[in-house]
Amino acid sequence: MIKTRKYAIVDLEATSTGPDAKIIQVGIVLVQDGQLLEMYETDVNPHEDLTPHIKQLTGITDEQLRQAPVFSEVARDIFALLEDAVFVAHNVRFDANLLAEHLFLEGYELRTPRVDTVELSQVFFPSLERYSLGNLADYLGIELLDAHTAIADALATAKLFLAIQEKIITLPKVTLQKLLTYADHLLFETGQVLEELLSYTSDYLSAGYERVLDIVVKKPSYYAKARHLAPHFEQNSALLGLEERQQQVAFASVVENRLRDQNINFIQAQTGIGKTYGYLLPLLANCPDKQIIVAAPTKLLQDQIMQTEGTRLAEVFHLNCLSLKGYENYIKLDVFWASLSLEEDNRLLNRIKMQLLVWLTETETGDLDEIQQKFGAFNYFDRLRHDGHLSTSSLFTDIDFWQKGQFRAKISRLVITNQAYLLNRLADDPSFLVGKVLIIDEAQKLPLQLEHLSRRKVNLFELQNDSQQHLKTSPDLLTRRLLENIAYNLAQLVHQSTDIEKTVEALRQDLSELNVSFFPQLREVLDLRLDQFWISQEKWGETVVPYLHGASLSLGNFYELLPENTKVMAISATLAISQRVNLAQLLGVPEKRVTYDYLPQERLRSQTVFLLKELPDISSLTAQDYVNLIYHQILSLSQLNKPIIVLFTANQTLLEVAERLERSKLPYLAQHQHGTANQVKRRFERGEANILLGSGSFWEGADFIQQDQMILLVTRLPFENPSNPYVKKLNHHLAETGLNPFDDYHLPLAMLKLKQALGRTQRRKDQQSAVVLMDRRVLTKSYGQTIRLFLETICPVESVSPIDLPSKIETYFASGEEERKLP
Numbered sequence: 001m002i003k004t005r006k007y008a009i010v011d012l013e014a015t016s017t018g019p020d021a022k023i024i025q026v027g028i029v030l031v032q033d034g035q036l037l038e039m040y041e042t043d044v045n046p047h048e049d050l051t052p053h054i055k056q057l058t059g060i061t062d063e064q065l066r067q068a069p070v071f072s073e074v075a076r077d078i079f080a081l082l083e084d085a086v087f088v089a090h091n092v093r094f095d096a097n098l099l100a101e102h103l104f105l106e107g108y109e110l111r112t113p114r115v116d117t118v119e120l121s122q123v124f125f126p127s128l129e130r131y132s133l134g135n136l137a138d139y140l141g142i143e144l145l146d147a148h149t150a151i152a153d154a155l156a157t158a159k160l161f162l163a164i165q166e167k168i169i170t171l172p173k174v175t176l177q178k179l180l181t182y183a184d185h186l187l188f189e190t191g192q193v194l195e196e197l198l199s200y201t202s203d204y205l206s207a208g209y210e211r212v213l214d215i216v217v218k219k220p221s222y223y224a225k226a227r228h229l230a231p232h233f234e235q236n237s238a239l240l241g242l243e244e245r246q247q248q249v250a251f252a253s254v255v256e257n258r259l260r261d262q263n264i265n266f267i268q269a270q271t272g273i274g275k276t277y278g279y280l281l282p283l284l285a286n287c288p289d290k291q292i293i294v295a296a297p298t299k300l301l302q303d304q305i306m307q308t309e310g311t312r313l314a315e316v317f318h319l320n321c322l323s324l325k326g327y328e329n330y331i332k333l334d335v336f337w338a339s340l341s342l343e344e345d346n347r348l349l350n351r352i353k354m355q356l357l358v359w360l361t362e363t364e365t366g367d368l369d370e371i372q373q374k375f376g377a378f379n380y381f382d383r384l385r386h387d388g389h390l391s392t393s394s395l396f397t398d399i400d401f402w403q404k405g406q407f408r409a410k411i412s413r414l415v416i417t418n419q420a421y422l423l424n425r426l427a428d429d430p431s432f433l434v435g436k437v438l439i440i441d442e443a444q445k446l447p448l449q450l451e452h453l454s455r456r457k458v459n460l461f462e463l464q465n466d467s468q469q470h471l472k473t474s475p476d477l478l479t480r481r482l483l484e485n486i487a488y489n490l491a492q493l494v495h496q497s498t499d500i501e502k503t504v505e506a507l508r509q510d511l512s513e514l515n516v517s518f519f520p521q522l523r524e525v526l527d528l529r530l531d532q533f534w535i536s537q538e539k540w541g542e543t544v545v546p547y548l549h550g551a552s553l554s555l556g557n558f559y560e561l562l563p564e565n566t567k568v569m570a571i572s573a574t575l576a577i578s579q580r581v582n583l584a585q586l587l588g589v590p591e592k593r594v595t596y597d598y599l600p601q602e603r604l605r606s607q608t609v610f611l612l613k614e615l616p617d618i619s620s621l622t623a624q625d626y627v628n629l630i631y632h633q634i635l636s637l638s639q640l641n642k643p644i645i646v647l648f649t650a651n652q653t654l655l656e657v658a659e660r661l662e663r664s665k666l667p668y669l670a671q672h673q674h675g676t677a678n679q680v681k682r683r684f685e686r687g688e689a690n691i692l693l694g695s696g697s698f699w700e701g702a703d704f705i706q707q708d709q710m711i712l713l714v715t716r717l718p719f720e721n722p723s724n725p726y727v728k729k730l731n732h733h734l735a736e737t738g739l740n741p742f743d744d745y746h747l748p749l750a751m752l753k754l755k756q757a758l759g760r761t762q763r764r765k766d767q768q769s770a771v772v773l774m775d776r777r778v779l780t781k782s783y784g785q786t787i788r789l790f791l792e793t794i795c796p797v798e799s800v801s802p803i804d805l806p807s808k809i810e811t812y813f814a815s816g817e818e819e820r821k822l823p
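Each residue of the sequence shown is one higher than the one before, counting from 1 in full-length UniProt numbering.
Calculated from the structure, these hints are not laboratory results.
Check the hints yourself; a few may be wrong.
To be verified - Simulated crosslink set (BS3-like; lysine-lysine; CA at most 30 Å straight-line): (1) K613 <-> K808; (2) K178 <-> K404; (3) K219 <-> K472; (4) K178 <-> K218; (5) K225 <-> K457; (6) K219 <-> K457; (7) K642 <-> K613; (8) K219 <-> K173; (9) K290 <-> K410; (10) K290 <-> K374; (11) K457 <-> K178; (12) K665 <-> K808; (13) K472 <-> K436; (14) K436 <-> K374.
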């Protein structure tokens, strides 16, 4: 049993969070020696009416408070509980300052030490995305029945504080000792909690850890022997506890039948049938001696497969599964160790160093994507990213995460990666796939990934900032001169006052003489395989940001990258891009090397597309009028009180709509504003807001499975930008081969992307979604009929005026609810 000081865990409810706030409720829980000692709670009469917001938030009423004592009547009791204890709160600055002010006015001076559980949680639970009390309670399984009442929040905070104490004493002593060197940078006396518990940590480093200097890392788990899978899909599915799906079984049968086919297999199967298990189980059962590599379209989907199917397969069948990404995703321990020796005045940066020390004792991958909160420290995290190189003098060679990942990739039964990494790896090392089975999940995204392989872009403002930071910290004269040259050339590019080709060559020369850890993103853009460069500008809020682009003039050919003796299966929701172009052709696969399988496509009954008529022509609107049009449509749909996903084709429009929602105080979550796509998705699924604004990966890389009924608002048909240099290059290539660029490629590809978007909200049989398409071109342009007929093969399509739309969707959802009630 641990022996500690007495802690008073306090939570207050108040009339506001402003300087004139008055206390309306006090909750105190006393904790000592790891035990709850005493609880105290009281309402406080503020002698003023509560705002509707506070009433709704806390459930406290004016009538309730009129019967409560005033603060002067309870001040002595509160002070008596606090005077010999350490004051602890979740966001201690607010609670301690407010309570100390109220006590001072009654003649009591509160001078106790203060501890903040928000900062402690950030340090000791480093991989969480949010550190609100509710989120931490969910994560730790702490009961919080009456959130935003003082005693309930105080009790939950007390249990959180005890959980933090327990976590601290389980850490290796060497880690805790290193943490103590930064503890003074935590708020108030928060660091004293670590010092008090140091003697309870073990001097013995358990077998689950490895240590180099003062850095301790967790050893990755490894199954010595995998369990055999059953010969039949249904048996393995039952072992995993999956519900039986006829379409999934049929899909798995196709996969199994194609295993001995020497060709590249293209299999068309609609979304929502459980394709991941549908291909993994037959392959794992029937290819016991072959490694399975799955290439998901995005890192978001890669993480999703690893966290769900990968983790479950490891648990049930003891399979060694690995998520493999590019080296820049992993922490470089040499750089991190060097940063620990630098004295920083930045309190946030020192806390992040503490977080990372704890995280290293937990992570098996070293993937920096596991750290959800990077805001305010992006430059620091960029410095920590691996560059794919290890010095022969490095002390961390044996525990380097990138190197361990490469080794584990050779011995893992299942490797999950993303298409971008796959293509980069094949370009450098085709032997990576020899003798293995490759599954390309959502293969319709591969043509764009092929182009990304030969196309890069980088924010020039960020590069300028990096060059200034490097100049401040680089002591030797040669490095400073090179950095000054780079800074000058970057400025020339920003002002577009230079010959881009000559500047690129000058930058390449300077970078070749610098350490490879400098400017990794710029090095990618200036890769020698790229031979076309240009500058573009994007508006982010009030700022116009310049980007440097690099691209290859030749179109990629996936088939030429593939080594011999690799079994390849490409899974896609659609194989035919148009009557004259299919997916295999776009990937460069000869027709004689292809086999096609088409699973029956069921027309969805639980999804309807509403085409908005009577809308103005988008091309005739000013940017502001277009933003207003989208905003008012969201406002109209929000009255239905259903989760709404709004898809954009331009980030600038997304941010301007977000600004309108902000001004109207309508709760929302926006990509690029409230975190990464993955973070925004999780916050939306937790119900933090009913409106999500997304672009990019939300068109094809994020599945929404939890919501029963959803609205998907598509603001614009997803055509490629005709002024984009790549699009121009592609148009030229297609025309040279006798194809019509718009009819044979861009139109079918836009329809394909639209179909992908529809599939994001159809992940369960009992899920119902209304899709609103607010682009009138589908009703007025000659190609609109092609799009409508395509959509009707997926689900019912209906034209409706904006004014009638809410009632139509309400009726549609009501009919779905009635169907679900039927036996």
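A quick look at each hint next to the structure:
1. K613 <-> K808: holds, 14 Å
2. K178 <-> K404: holds, 25 Å
3. K219 <-> K472: This hinted pair is violated, its Cα atoms lying about 37 Å apart.
4. K178 <-> K218: Measuring from Cα to Cα gives roughly 16 Å; hence the hint holds.
5. K225 <-> K457: violated, 44 Å
6. K219 <-> K457: violated, 36 Å
7. K642 <-> K613: Distance ~22 Å between K642 and K613 Cα, so the pair holds.
8. K219 <-> K173: The hint holds at about 17 Å.
9. K290 <-> K410: The given pair, whose Cα atoms are some 11 Å apart, holds under the 30 Å limit.
10. K290 <-> K374: Violated - the C-alpha atoms of K374 and K290 are around 38 Å apart, more than 30 Å.
11. K457 <-> K178: violated, 39 Å
12. K665 <-> K808: Distance of about 26 Å is within 30 Å: holds.
13. K472 <-> K436: Since the Cα atoms of K472 and K436 sit roughly 48 Å apart, the hinted pair is violated (cutoff 30 Å).
14. K436 <-> K374: violated, 37 Å
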